[in-house]
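Required output: the full structure, derived from the provided sequences and hints.
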Amino acid sequence: MFRSRFTMNVRCPVCGMVFERGAGEFSGGMAINTVATSSVAVTGAALAFFTDLPVLPLILMLTLVSTVFALWFYRHARALWAGILFLTGSVRED
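To convert, note that position 22 of the sequence shown is 22 in my numbering; the numbers rise steadily by one, no gaps.
Rather than coming from a laboratory, the hints here were simulated on the basis of the structure.
C-beta: ideal position from N, C-alpha, C; glycine also.
Certain hints may be false.
[As the list claims (entries may be wrong)] Estimated spans, in silico, between C-beta atoms of each pair:
#, residue 1, residue 2, range
1, ARG3, ASP52, 23 to 31 angstroms
2, THR88, ASP52, 44 to 52 angstroms
3, PRO54, MET30, 17 to 25 angstroms
4, GLY89, VAL10, 17 to 25 angstroms
5, PHE50, GLY24, 33 to 41 angstroms
6, ARG11, LEU58, 30 to 38 angstroms
7, SER39, LEU87, 21 to 29 angstroms
8, PHE50, SER27, 42 to 50 angstroms
9, CYS15, PRO54, 18 to 26 angstroms
10, SER39, GLY83, 28 to 36 angstroms
So, in structure tokens, the structure goes:
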């Protein structure tokens, strides 16, 4: 699906499905990535309530983990969104 780490192909090399038909087509993948990253951050922030870890190192660690997770999960989120669009029939050839 991807030419490089963050650049998607225009069409699927196997089935020919167009991945981005409109200007806002990527927003669903961004929403999936945002929800997943927020879930990771909230789960990590729960450590502040249930442990005696110092706050500043915890904040720095959560910032690092959230950033790395969001970058790593980007391709998966875009693929999930493309799959959702395909399964719901939202992607058709003209």
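To see whether the hints hold, each was checked on the structure:
1. A hinted range of 23 to 31 angstroms for the beta carbons of ARG3 and ASP52 is inconsistent with their spacing of about 47 angstroms.
2. Our hint of 44 to 52 angstroms for THR88 and ASP52 holds, since their Cβ atoms are close to 47 angstroms apart.
3. The hint said 17 to 25 angstroms for the Cβ distance between PRO54 and MET30, and at roughly 33 angstroms that hint is violated.
4. Our hint of 17 to 25 angstroms for GLY89 and VAL10 holds, since their Cβ atoms are close to 20 angstroms apart.
5. About 39 angstroms separates the C-beta atoms of PHE50 and GLY24, a value consistent with the hinted range of 33 to 41 angstroms.
6. Between ARG11 and LEU58 the C-beta distance comes to about 44 angstroms, which lies outside the given range of 30 to 38 angstroms.
7. For SER39 and LEU87, the Cβ-Cβ distance of about 23 angstroms falls inside the hinted range of 21 to 29 angstroms, so the restraint holds.
8. Distance hint for PHE50 and SER27: a CB-CB separation of about 35 angstroms, inconsistent with the stated range 42 to 50 angstroms.
9. A hinted range of 18 to 26 angstroms for the beta carbons of CYS15 and PRO54 is inconsistent with their spacing of about 51 angstroms.
10. Under the hint 28 to 36 angstroms, the C-beta atoms of SER39 and GLY83, about 19 angstroms apart, miss the expected range.
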